[in-house]
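Asks: Sequence:
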Amino acid sequence: MIWILIFLSLALGALLGALFWFPIFTIVIPLILFFIFRNHPREIFYLFLIILSGILMCNPRVESGEYEIVGFVERENANSSVLKSVRILNGDRWVRYNKRIIILERIPAGYYVYSFGCIKGNLFFPRYVKTIREVKNLTTISWELRKGFGDFVRRNVGNESLILSVLFGERRRKEIEESGLSYLFAVSGLHVGLSYIFFNTLISFITWRRILKSSLSLIFTGIYVSSIATPSAFRAFIMIFLWEIFHMMGKKRHPLEIMGITGTFMLFSDPSQILSPSFLMSFGATSMILLALSRTKNVFIISLYAYLGALPFLALFFQKIHPLSFLIGIPTSFLIIPMFWTSIASFFLYSVSLKTLSSLLIKGMLPFEKLLGWILKISSSTLKLNVSFLFYIIFVCLLFLIFFLHSEQTP
72 MIWILIFLSL ALGALLGALF WFPIFTIVIP LILFFIFRNH PREIFYLFLI ILSGILMCNP
132 RVESGEYEIV GFVERENANS SVLKSVRILN GDRWVRYNKR IIILERIPAG YYVYSFGCIK
192 GNLFFPRYVK TIREVKNLTT ISWELRKGFG DFVRRNVGNE SLILSVLFGE RRRKEIEESG
252 LSYLFAVSGL HVGLSYIFFN TLISFITWRR ILKSSLSLIF TGIYVSSIAT PSAFRAFIMI
312 FLWEIFHMMG KKRHPLEIMG ITGTFMLFSD PSQILSPSFL MSFGATSMIL LALSRTKNVF
372 IISLYAYLGA LPFLALFFQK IHPLSFLIGI PTSFLIIPMF WTSIASFFLY SVSLKTLSSL
432 LIKGMLPFEK LLGWILKISS STLKLNVSFL FYIIFVCLLF LIFFLHSEQT P
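According to our numbering, the residues represented by the sequence shown are 72 to 482, in order.
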């Protein structure tokens with residue numbers, strides 16, 4: 072599992088780069104060590120990746136303060152937006168910033184913006200924001216479809232509908248956060264996998280040619296993923312894409328290896344993703360699920376492993392865990408699956424202007440939606456534990472030990 076070790080080395084370097092400053096000249100340290108310890112080239116290679124990732128995370132170094140920035144709005148959140156392809160006016164020159172920035176202003180996706188304000192870490196507090204120009208691409212088209220479908224759902228079944236939560240991960244209802252089941256609503260492997268299966272099945276009625284069927288399924292799934300634009304959704308899509316590519320080439324790869332390649336690509340494209348809860352919980356849960364699948368097909372055990380994979384990051388970012396939520400999560404996931412398939416079908420029908428059929432599917436889900444809301448209320452009243460940072464450190468160490476033992480690696 073060489074790619075897993077490469078991914079973990081880059082992840083460690085990115086985490087260290089978030090805590091410490093890595094000057095560019097530190098890249099020569101592995102070269103010096105290579106001539107001293109030539110009998111350990113693999114270990115020196117991993118050290119090189121750690122330092123390289125730390126350098127990518129640190130550079131360009133931007134101190135907290137007032138800056139002018141230009142960037143492309145990748146997605147719009149409830150009270151903020153995410154910018155990529157950011158350039159910062161640092162002194163008298165524009166510097167390319169290789170990380171995404173969260174600007175605390177709602178700006179529609181698909182626009183280049185100019186803003187002046189204060190940077191603190193990866194947060195930008197704007198004093199002035201102006202949209203420069205709109206760019207039509209897959210992201211903007213999918214976001215327009217998502218926004219239009221969201222308005223369509225709210226007009227038909229109300230603002231508190233769980234359909235948008237199931238389909239897009241929107242958390243408009245307080246019960247989702249308090250239930251401990253928010254990891255089921257975060258768009259990740261379950262949602263993206265179900266989306267790919269849906270389109271693959273739909274296209275199979277038109278053609279049985281595998282390459283054409285897989286290609287079209289990936290395109291439609293990519294549109295759905297672009298409407299989410301979160302690290303967990305991209306992680307799942309890239310893994311499916313690589314799986315299909317290797318299968319077409321006749322080269323089988325272990326799912327853990329594909330996960331390692333995916334994580335490596337994502338960290339090289341944006342090392343700051345290592346600080347994203349979506350990124351960490353997605354890779355944590357996926358790695359534990361893959362380990363569980365290599366040992367058993369028991370749904371209870373797989374659900375437990377998925378919960379354990381996400382648990383340390385839930386504890387880190389929310390300081391609260393629900394010990395019994397993974398038990399409630401098993402029947403909830405079985406309920407979410409048909410709801411998601413119906414929702415994605417409704418979204419597809421809306422996208423091709425068959426709004427009457429789309430509306431019928433939405434309204435047909437109301438009994439399932441009420442049942443899901445009832446489960447969320449029950450789960451939100453179960454036992455909750457406040458946890459400390461020490462618990463997080465201990466738990467992460469235990470998970471790494473379990474991972475290496477199960478994958479037949481040595482720490």
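Because the hints were derived from the structure by calculation, they are not lab data. C-beta atoms are modelled at their ideal positions from N, C-alpha and C, and glycine is treated no differently. Check the hints yourself; a few may be wrong.
[Stated by the list, open to error] Here are the simulated distance ranges between beta carbons:
1. P94 - L194: 22 to 30 Å
2. L346 - L428: 18 to 26 Å
3. D163 - F339: 46 to 54 Å
4. P394 - L160: 44 to 52 Å
5. R280 - F388: 20 to 28 Å
Asks: Hint by hint, which ones does the structure fall short of?
Replies: 2, 3 and 5
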